[in-house]
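Engineer: In case you want the letters, here they are:
Number of protein chains: 2
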Amino acid sequence: MRYGVIGTGAIGGYYGARLAQSGQEVHFLLHSDYEHVCRFGLRVRSPQGDVHLAHPLVYREASAMPPCDVVLVGLKTNNNHLLARLLPPLLHEHTLVLLIQNGIGVEEDVQRMFPTARLAAGLAFICSAKTEPGVIHHQFYGSLNIGNYSCPDEALITRLLDELHAAGVEAKTLPYEKARWRKAVWNMPFNGMTVALHCQTKDLMTNPHSRRLIREQMLEVCRAATALGVEGVDEAFAEKMMEMTDRMIPYSPSMRLDRDFRRPMEIDYLYTRPLRLAREAGQPMPRLEMLEAELRFIEERDLA
Amino acid sequence: MRYGVIGTGAIGGYYGARLAQSGQEVHFLLHSDYEHVCRFGLRVRSPQGDVHLAHPLVYREASAMPPCDVVLVGLKTNNNHLLARLLPPLLHEHTLVLLIQNGIGVEEDVQRMFPTARLAAGLAFICSAKTEPGVIHHQFYGSLNIGNYSCPDEALITRLLDELHAAGVEAKTLPYEKARWRKAVWNMPFNGMTVALHCQTKDLMTNPHSRRLIREQMLEVCRAATALGVEGVDEAFAEKMMEMTDRMIPYSPSMRLDRDFRRPMEIDYLYTRPLRLAREAGQPMPRLEMLEAELRFIEERDLA
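Protein chains in written order, with our numbering: chain A, 1 to 304; chain B, 1001 to 1304.
Any given hint could turn out to be false.
Partial chain A-side listing against chain B, Cβ under 10 Å, derived [stated by the list, open to error]:
{"id": "1", "residue": "Val-169"}
{"id": "2", "residue": "Glu-170"}
{"id": "3", "residue": "Asp-203"}
{"id": "4", "residue": "Pro-208"}
{"id": "5", "residue": "Arg-211"}
{"id": "6", "residue": "Glu-294"}
{"id": "7", "residue": "Ile-298"}
Straight line, CA to CA, 20 Å or less: simulated EDC-like cross-link-like pairs of lysine to aspartate or glutamate [unchecked claim]:
{"id": "8", "chain 1": "A", "residue 1": "Lys-76", "chain 2": "A", "residue 2": "Glu-61"}
{"id": "9", "chain 1": "B", "residue 1": "Lys-1240", "chain 2": "B", "residue 2": "Glu-1216"}
{"id": "10", "chain 1": "A", "residue 1": "Lys-202", "chain 2": "B", "residue 2": "Glu-1299"}
{"id": "11", "chain 1": "B", "residue 1": "Lys-1130", "chain 2": "B", "residue 2": "Glu-1035"}
{"id": "12", "chain 1": "B", "residue 1": "Lys-1202", "chain 2": "A", "residue 2": "Asp-234"}
{"id": "13", "chain 1": "B", "residue 1": "Lys-1178", "chain 2": "B", "residue 2": "Glu-1108"}
{"id": "14", "chain 1": "B", "residue 1": "Lys-1076", "chain 2": "B", "residue 2": "Asp-1268"}
{"id": "15", "chain 1": "A", "residue 1": "Lys-202", "chain 2": "B", "residue 2": "Asp-1302"}
{"id": "16", "chain 1": "B", "residue 1": "Lys-1202", "chain 2": "A", "residue 2": "Asp-302"}
{"id": "17", "chain 1": "B", "residue 1": "Lys-1178", "chain 2": "B", "residue 2": "Glu-1239"}
{"id": "18", "chain 1": "A", "residue 1": "Lys-202", "chain 2": "B", "residue 2": "Glu-1300"}
{"id": "19", "chain 1": "B", "residue 1": "Lys-1130", "chain 2": "B", "residue 2": "Asp-1260"}
{"id": "20", "chain 1": "B", "residue 1": "Lys-1178", "chain 2": "B", "residue 2": "Asp-1234"}
{"id": "21", "chain 1": "A", "residue 1": "Lys-178", "chain 2": "A", "residue 2": "Glu-235"}
{"id": "22", "chain 1": "A", "residue 1": "Lys-130", "chain 2": "A", "residue 2": "Glu-235"}
{"id": "23", "chain 1": "A", "residue 1": "Lys-178", "chain 2": "A", "residue 2": "Asp-234"}
{"id": "24", "chain 1": "B", "residue 1": "Lys-1178", "chain 2": "B", "residue 2": "Asp-1260"}
{"id": "25", "chain 1": "B", "residue 1": "Lys-1202", "chain 2": "A", "residue 2": "Glu-300"}
These aren't lab readings, by the way, just hints derived from the structure by calculation.
Ideal Cβ placement from N, Cα and C applies to all residues, glycine included.
Please work from the sequences and hints to get the whole structure.
Structural biologist: Shown next as structure tokens:
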């Protein structure tokens, strides 16, 4: 199919490059890296095999891009307001927009901007970072859970899965809410805590006090999701996330990187939104509310 | 009366110096500052009037000190095991030991070491710090709440109050549990949060997110105290503590100073102990449990 990538960074760049390498037609929207990628191409360094696209289809302006069958959105959610301008040129009547972003409530807001667009959530279990212009350093994992939000064309989703598999990407579908909330079980503790304690995942897992706290925070997410009627986000899943994180090398989640580079943190969709839903469902998440307050404090201190 | 001071620092030094200045006989146990105080005396710089004791009664060894009527203990609670050696020389049959220390459970443990000793809690509402050898910088407040733990001689407590008043120290008695838990309402949020967010009280009060969090943490303490049967530790009191803190200049509580100077933090009595009591009473304090975990993580990171 024809793919478009909005936000050619650690996430959008990785999946787009894998698809392009496997022979798909992939159109990349670039911003600061445009000149560099024009000259040197787009690289992925990965334990699963490096990729070098010498002459990718790159654009500086979305308006120059063609309508696509699937658009991968890899923007930070803080920039989703830009989609009002960036997305329309890439849409045809049946385009699937895959929002490969963290947090809760993303599709709801994008759907409000584009009431007839066909949306799905992409939950990337991947450790990846853009380390220099045009170079994405993929560290490990890489699977993609897809949660269909508003696409009536199941065949399109199936075809997307097939093409991802052919590109060497593990991918599967999950019910939309389950996909988003399962990801939140990992994201909500680790993204914020690595910022609050200025550390990496491994540090939190090896200290017994922070380890217990991380598990309690995971269980807060599970209880909230269950209260919201989401199935399969339970203690057993939290335990799986603990074990998976134990097996990871020391890792800095995206929010920690955002903080280190003094980029805005994705507090709204990662914390504020799910915390509000949990409160409304009568199942507040006090430790994660505290974490949100700490993150807001840390971010706003810079502005003071 | 004859007073002894164990722990001649920001707290013990302040109250001891005020009592000595007013004419009481005060014996000070000193450690690292002994030589300095012998030569230059003991100073308090205070908006309520400076004190300079040119020739205070100072000791390097507790064994050289006389039995006293009242012993003010100003040690950090982390050092209370030292009382086994330091306290006996100062005790006669009727000595009152005033533990001017933060936290919950202090008297219980000291009583176990000295089953017949007469103990009271001293809760200092004071902003004070030892800024250089032999010099205590008193910033503001200074009142002392006294909670009788195991002294059958009420007249002795009354006399202590009289002599404190004569020394210019605001002091009053409160029921023991109420005195300790009221102090915890302020201590538990501010001591830890100024460490976790590396800030001062004013920063926490002016940012709306941390301000809300501080209030929620105060209410956690109030609910736990109420569940434990302690009266008068309620929302109205928490509100008073918020207002008092609003009126304070930017302040670094003792735990923040301990952390800055890489001294051990008083996590056990300030957090672990009250958190356990609250859980046992069926009224856990989740935000303060999280704060304890953060503090343990911060402290143990140094040792790793």
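Engineer: Now tell me if each hint is right for this structure.
Structural biologist: Going down the list of hints, with the structure as the test:
1. Residue-level restraint check for Val-169/A is violated (minimum Cβ-Cβ distance to chain B is 36 Å; threshold 10 Å).
2. Interface hint status for Glu-170/A: violated, as the beta-carbon distance to the closest one in chain B is roughly 33 Å, over 10 Å.
3. For Asp-203/A, the shortest C-beta to C-beta distance to chain B is roughly 7 Å, which falls under 10 Å, so the interface hint holds.
4. Given the 10 Å rule on beta carbons, the hint for Pro-208/A holds: about 8 Å separates it from the nearest Cβ of chain B.
5. Taking 10 Å as the C-beta contact cut-off toward chain B, the hint placing Arg-211/A at the interface holds, the least distance being around 9 Å.
6. About 6 Å separates the beta-carbon of Glu-294/A from the nearest beta-carbon of chain B, less than 10 Å, and the hint is met.
7. Among the interface hints, the one on Ile-298/A holds; its C-beta lies about 7 Å from the nearest C-beta in chain B, closer than the 10 Å criterion.
8. Straight-line distance between C-alpha atoms of Lys-76/A and Glu-61/A comes to about 18 Å, which keeps the hinted pair within the 20 Å bound.
9. Taking the CA atoms of Lys-1240/B and Glu-1216/B, the gap is about 14 Å. The hint holds against a cut of 20 Å.
10. Simply put, Lys-202/A and Glu-1299/B have alpha-carbon atoms about 17 Å apart, close enough for the 20 Å limit, and the pair holds.
11. With a C-alpha separation of about 16 Å, the suggested pair Lys-1130/B and Glu-1035/B falls inside the 20 Å cut-off, and the hint holds.
12. Under the criterion of a C-alpha separation no larger than 20 Å, the hint pairing Lys-1202/B with Asp-234/A is inconsistent with the structure, at around 40 Å.
13. Between Lys-1178/B and Glu-1108/B the CA atoms are separated by roughly 15 Å; this keeps the pair inside 20 Å, and the hint holds.
14. Distance hint between Lys-1076/B and Asp-1268/B is fulfilled; the C-alpha atoms sit about 11 Å from each other, no more than 20 Å.
15. This hinted pair checks out: Lys-202/A and Asp-1302/B have alpha carbons roughly 16 Å apart, not beyond 20 Å.
16. Straight-line distance between C-alpha atoms of Lys-1202/B and Asp-302/A comes to about 16 Å, which keeps the hinted pair within the 20 Å bound.
17. Note on Lys-1178/B and Glu-1239/B: the hinted pairing holds, with a Cα-Cα distance of about 16 Å set against a maximum of 20 Å.
18. For the hint pairing Lys-202/A with Glu-1300/B, the CA-to-CA distance comes to about 14 Å; that is within 20 Å, so the pair holds.
19. Distance check on the hinted pair: Lys-1130/B and Asp-1260/B sit about 14 Å apart at the alpha-carbon level, within 20 Å; holds.
20. At most 20 Å may separate the alpha-carbon atoms for a hinted pair to count; Lys-1178/B and Asp-1234/B meet this at roughly 11 Å.
21. About 14 Å separates the Cα atoms of Lys-178/A and Glu-235/A, which keeps this hinted pair within 20 Å; it holds.
22. Under the criterion of a C-alpha separation no larger than 20 Å, the hint pairing Lys-130/A with Glu-235/A is inconsistent with the structure, at around 33 Å.
23. Of the pairs offered as hints, the one joining Lys-178/A and Asp-234/A holds, with about 11 Å between alpha carbons and a cut-off of 20 Å not exceeded.
24. A threshold of 20 Å between alpha carbons decides the hint, and for Lys-1178/B with Asp-1260/B the separation of about 31 Å lies outside it, so the pair is violated.
25. Of the pairs offered as hints, the one joining Lys-1202/B and Glu-300/A holds, with about 14 Å between alpha carbons and a cut-off of 20 Å not exceeded.
Of the numbered hints stated above, those contradicted by the structure are hints 1, 2, 12, 22, 24, listed in ascending order.
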